[in-house]
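Going down the list, the sequences are from chains A and B. Going by this note's numbering, the first residue of the first sequence is number 15, and it counts up by one from there. Going by this note's numbering, the first residue of the second sequence is number 1305, and it counts up by one from there.
In case anyone wonders, no lab produced these hints; they're calculated from the structure. Think of the CB as a built atom: it goes at the ideal place given N, C-alpha and C, for glycine as much as any other residue. Heads up, some of the hints might be wrong.
Okay, the calculated beta carbon distance ranges per label pair [said to hold, decoys possible]: (1) A/ASN150 / B/ASN1548: 16 to 22 Å; (2) A/GLU138 / B/LYS1520: 23 to 29 Å; (3) B/ASN1440 / A/SER213: 40 to 46 Å; (4) A/SER107 / B/ASP1417: 22 to 28 Å; (5) A/GLU212 / B/ASN1361: 46 to 52 Å; (6) B/TRP1320 / A/LYS37: 33 to 39 Å; (7) A/ASN88 / B/LEU1547: 44 to 50 Å; (8) B/ASN1361 / A/LYS37: 31 to 37 Å.
Given next are the chains, with one letter for each unit.
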Amino acid sequence: MKKRVSIIDYGSGNWRSIQNSFKRIGCSCKVYRDERSVLESDLLVLPGVGAFKPAMKSIKEKRIDKIIFNHVENGKTLLGICLGMQLLGISSSENGETRGLGLINSKVTSIGDQEWHIGWNTIELIKKDKLFISSNNKDYYFNHSYAYQDDGDHVLSITKFKDIEFASIIRSKNVIGVQFHPEKSQDSGDSLLHSIIESL
Amino acid sequence: MLKKRIIGVITVLDGWAVQSIGYKKYLPIGRPNIIAENLDRWGVDEILIICIDRTINKAGPDKETLNSLSYKSLSTPICYGGGISTLRDAVSVINNGVERLLLDSIIEKNSIDEIFKISEKLGSQSLIASLPTKLNSGKIDFINYKNIYKNKDEKMILNLLKSSVFSEALIIDLENEGIPQSFNKELIEKINIPIPIIAFGGISDDYQVKDILKNKNVSAVAIGNFLNYKEHAVQKIRDNTKLNFLRKSKYRKILNRYKSS
Chain A
15 MKKRVSIIDY GSGNWRSIQN SFKRIGCSCK VYRDERSVLE SDLLVLPGVG
65 AFKPAMKSIK EKRIDKIIFN HVENGKTLLG ICLGMQLLGI SSSENGETRG
115 LGLINSKVTS IGDQEWHIGW NTIELIKKDK LFISSNNKDY YFNHSYAYQD
165 DGDHVLSITK FKDIEFASII RSKNVIGVQF HPEKSQDSGD SLLHSIIESL
Chain B
1305 MLKKRIIGVI TVLDGWAVQS IGYKKYLPIG RPNIIAENLD RWGVDEILII
1355 CIDRTINKAG PDKETLNSLS YKSLSTPICY GGGISTLRDA VSVINNGVER
1405 LLLDSIIEKN SIDEIFKISE KLGSQSLIAS LPTKLNSGKI DFINYKNIYK
1455 NKDEKMILNL LKSSVFSEAL IIDLENEGIP QSFNKELIEK INIPIPIIAF
1505 GGISDDYQVK DILKNKNVSA VAIGNFLNYK EHAVQKIRDN TKLNFLRKSK
1555 YRKILNRYKS S
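Next up, chain A with everything else stripped away, as it sits in the complex (with noise of 0.2 Å):
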C-alpha cells in the first residue's frame, strides 16, 4: 500500500523543496490544505525555513497545532525538519522566549552570539535507532543558528561545531525531528527518508 505523506504549509515554509524530495523516491505527497488531508496521512511533515515566533504565530493562528496534536496522539509518524524540529520543543529564546508545541521536553537556544551553523557537517548517532543507523557519520546540510542542546533521552545523534555539540537527530515515540535539511541533502537525505516511509 502507498504511504500517504502530507506537508504543512504554515506560511514560511519550505514544502515545495520537500514535496520534490519525497517525489524523488518514488512517493507522492499532498501539502496541506484541510484538515482531512492530514487525517488521511501515515506521516506528517513540519518544514521549516524561517524563525521561530512567527512561524509559532502563524501555527496558532491556523490551530496547525490542534490537526499535529491530533496526528501524533493517533499514533501516527511527525517529522520535524530543521525549524520544524525545533518548533516540536518546549520552547526557544529566538527573538525572545516563545513557547514550541512542547512535543519534545528540551528547549531551543542559540548555538552562540554571531554564530550560524551552514553547510555540510556530520551526524554521530549516540543512540541505536533501526531507521537512523544507515546515517550515521554521514554529511547532511544545516542552515540554522538555534539548536536543542544535546542533553535528554530523546536525542539520537549530535553534530559538532567548533567548541559546542547539540542535538541533529531526536526522537520520542512517533514523533521524530532532524535540525539537518534531508531533502536538501542529496544521496544521503534521500535516503534517511526512504527509511522512514519504508518504516511507516
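Mind docking chain B on chain A? Use the hints.
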C-alpha cells in the same frame, strides 16, 4: 566538522544562463534549470542563482526561472538573488523551494526596515549580503552595482553586517569576475566584517580554491561558469585540493533507484 563549501553560481539574464565578464559583457550558455540539474548531479555543495536584470528592471523575483528549477526536484540547497525588495518577495522565493536569499540592491539606507523584517520572519541564517567590491589604492570600496560607482553608504553597510541580520556576505571581485585565475585575494585579507565570507569572481582553479579556503574567515567559494563547462569540475577540485574541510568527492548513484512506497 562543518565543511567549507563549493558553490556553483548560475548568472541569469532575461531567463537565460549567461557567462558574465565583469557584469559588463554577457554570453548566453543555456537554460538555468539544465545547468542547475548538472551541478546537482555533480554534487556541488550549494547552487546560487543570480538573476542580474531583475533588480535593475524592478521586475521582482524571476518566478519563471524559480518554477523551472522547482520542476527539476533538485536535492542540492538553492540560494537565489535578484529582484527581492520586500518581505513578500522574500517569502515567495522561499516558498518556491529556495533555502537562502542573496540580497543585493535592497542593502541601502531607505530599505533597512525591510531587511530587518525579512530577517525577523525568515531568520538571519537565510540571508546573504551581496557586496560587489573593488580594491582602490589598497582600500576596499563597496560598489553600488546599479551604477558601478562607490557606494556612499559604507558605514551603513558595515553597521548592518554587525547587526546579525545576515549570516554570510558574498564578496564579489567586480573587476575580475569572469576572468579565469584572477580573484584578488587581498579583498578577503583586507576586508574586516564580522560574518563569514563567500568569495566570488575569477575563481577557476584548484590552487586558488585551496588558497582562498585556507583563510579562516572564508566559509565558501562561489564559482560561476568555470564549473559549468567542465564536467565533474567540482569533483576534480575536491580531489586535487585534498582539503579535509571539503566534502569528499562522491559520484551519484543511479537516479530513481527507490521503488514506490
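Does the structure break any of the earlier hints, and which numbers would those be?
Violated hints (numbers, rising): 3 and 6; every other hint is consistent with the structure.
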